[in-house]
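A.B. asks: With chain A's structure known, arrange chain S on it following the hints.
Take a look at the letters that make up each chain.
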Amino acid sequence: MYKAVITVTLRPSILDPQGKAAQHALATLGFEAIARVRVGKFVEMWINEESADAAYIAATAACEKLLANPVMENFHVEVAKVSDAG
Amino acid sequence: MNVGVIVFPGSNCDHDAYHVARHVFGLRARFVWHKETALSDLDLVIVPGGFSYGDYLRAGAVARFSPIMERVVAFAEAGGLVLGICNGFQVLCESGLLPGALLRNASLRFACKWVHLRVENADTPFTNQLQPGQVLRIPIAHGEGNYFASEETLDMLEANRRVAFRYAAADGTLNAASNPNGSLHAIAGIINAQGNVLGMMPHPERCAESILGGTDGAHIFRSLMAHAAHRLAAGHI
Numbered sequence: 001m002y003k004a005v006i007t008v009t010l011r012p013s014i015l016d017p018q019g020k021a022a023q024h025a026l027a028t029l030g031f032e033a034i035a036r037v038r039v040g041k042f043v044e045m046w047i048n049e050e051s052a053d054a055a056y057i058a059a060t061a062a063c064e065k066l067l068a069n070p071v072m073e074n075f076h077v078e079v080a081k082v083s084d085a086g
Numbered sequence: 001m002n003v004g005v006i007v008f009p010g011s012n013c014d015h016d017a018y019h020v021a022r023h024v025f026g027l028r029a030r031f032v033w034h035k036e037t038a039l040s041d042l043d044l045v046i047v048p049g050g051f052s053y054g055d056y057l058r059a060g061a062v063a064r065f066s067p068i069m070e071r072v073v074a075f076a077e078a079g080g081l082v083l084g085i086c087n088g089f090q091v092l093c094e095s096g097l098l099p100g101a102l103l104r105n106a107s108l109r110f111a112c113k114w115v116h117l118r119v120e121n122a123d124t125p126f127t128n129q130l131q132p133g134q135v136l137r138i139p140i141a142h143g144e145g146n147y148f149a150s151e152e153t154l155d156m157l158e159a160n161r162r163v164a165f166r167y168a169a170a171d172g173t174l175n176a177a178s179n180p181n182g183s184l185h186a187i188a189g190i191i192n193a194q195g196n197v198l199g200m201m202p203h204p205e206r207c208a209e210s211i212l213g214g215t216d217g218a219h220i221f222r223s224l225m226a227h228a229a230h231r232l233a234a235g236h237i
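In order, the protein sequence lines correspond to chains A and S. Each step along the first sequence adds one to the number in my numbering, with nothing skipped, and position 12 is 12. Each step along the second sequence adds one to the number in my numbering, with nothing skipped, and position 40 is 40.
I should point out that these hints are in silico values taken from the structure, not numbers from a laboratory. Possibly wrong hints are sitting among the right ones.
Here are the simulated lysine-lysine pairs, DSSO-like style, with alpha carbons at most 27 Å apart [unchecked claim]:
1. 20(A) <-> 81(A)
2. 65(A) <-> 113(S)
3. 81(A) <-> 65(A)
4. 20(A) <-> 3(A)
5. 20(A) <-> 113(S)
Chain A regions said to be covered by chain S (calculated; three or more residues, Cβ under 8 Å) [unchecked claim]:
6. 45-56
7. 64-76
Source: prediction; values computed, not measured. Heads up, the beta-carbon is just placed ideally off N, CA and C, and yes, glycines get one too.
Next up, chain S with everything else stripped away, as it sits in the complex:
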């Protein structure tokens, strides 16, 4: 599997994502500078966390118009896998690949801590090595992670099983105390209609090795590798 990690001015989780892809899982990986325009060699594009363009105007608003994002949108529409993490999720929402928006945390505080996520849909390229209802422990680090969408959009997401992860307690129950940012429906991550784009606020690339205090993030990378291997076996690549 060939992995590309987009680098905007202000990205700061790009090396973490590259490290996990290349050194933890032995995948072919390269950085993709925001002024590049070629992605055709890639199977997976990671839009990483950080503060692209200083988060000016709104988080992700300026990055969305960088030359590479036009290519990322085309790549996604052609079925390529796209994983947006944290600021990457914000960029994917701004670019229209995912619905909704990430507002200021309800607490007004930057939230940097470990949270628990409940797996809502284990039938995606990003979650196929997980079980529905399984609880993951993954860190968050954001000031604008408060997922918002209209009632109609939320109904559509729920009806089509497009909520991939919800913030939950360690035992998987949903309650206000385990929602770190005020997200509607406790949404931590959603997929697009085709299922090949995932945006999530938590950071799986920060917990894919035991030395970092947790390995639950590795499941997402393993799922992507299993998906790619399955497609290869089926002759799709």
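Only chain A is shown next, with the shape it has when bound in the complex:
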């Protein structure tokens, strides 16, 4: 069993009004050093594959097909061996 940790982020060229709103709110709360915020998605999945490579390929295919829209999003996949799906 492998666990994939996936982050999906808006492509750098795309304005992120949600990140901008969060940054404004943080500045209001006194976090003046936080100059820029981008908000994305975090996905975990547990994959029944025999190798890290096979799990990585499955997670990447899932991102390309469904989890990310290449028009507006990038994704990053990291895979690690785990004992079970807990």
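C.D. replies: Below, chain S without anything else, positioned relative to chain A:
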């Protein structure tokens, strides 16, 4: 003209579209459940507004893989007319029938109001009863209507007259104040390369009867009926 209205879990403008087709214009209309796979009896497929599959992941992302969408893509590729409204536009973009994507509104607010649209291309099955530059008053209701595409895609859309409608002021001028969601090039609706698929964020089915405060949406249905009648006369159906 036979009209089918796709129904996903979470569609909520399906009855409005059905009502306009059937009761306002007297067309034959039926609902098409997302698990159905037959569209061959239809001339027009409407992918309606709503929150298909709760808008999980991205608006339209899950609906795009429902059994019926494979058939809608084949129907469109065979020349069938497809009208995607609001969430339907998002589904058509996710499915690849139309380019680009609909991002979160620049304001971060759900926008529910009347807007003005300028007709950019009156030479489509959806707009042939309109004039270029004509201004329509039609409501919007969306949180993710901010049209985005790459520069190359935008250039291609403009060069091929594939922008059907732009957000504009009441007199037809373009300005930032009349763009309700931050859409690039103020795009409110686009067609595919063949011209038989239209996606638009505004809701023509919500303004096709005077009792609803406006009838400009009726022009789009009248255009589709004129197109179908023309094809019938020419022996294409």
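A.B. asks: Against each hint, give a clear statement of whether it holds in the structure.
C.D. replies: Quick rundown of the hints versus the structure:
no.	hint	in the structure
1	20(A) <-> 81(A)	violated, 36 Å
2	65(A) <-> 113(S)	violated, 34 Å
3	81(A) <-> 65(A)	holds, 23 Å
4	20(A) <-> 3(A)	violated, 31 Å
5	20(A) <-> 113(S)	holds, 25 Å
6	45-56	violated (count 0)
7	64-76	holds (count 5)
Hint check: violations occur at hints 1, 2, 4, 6; the rest are consistent with the structure.
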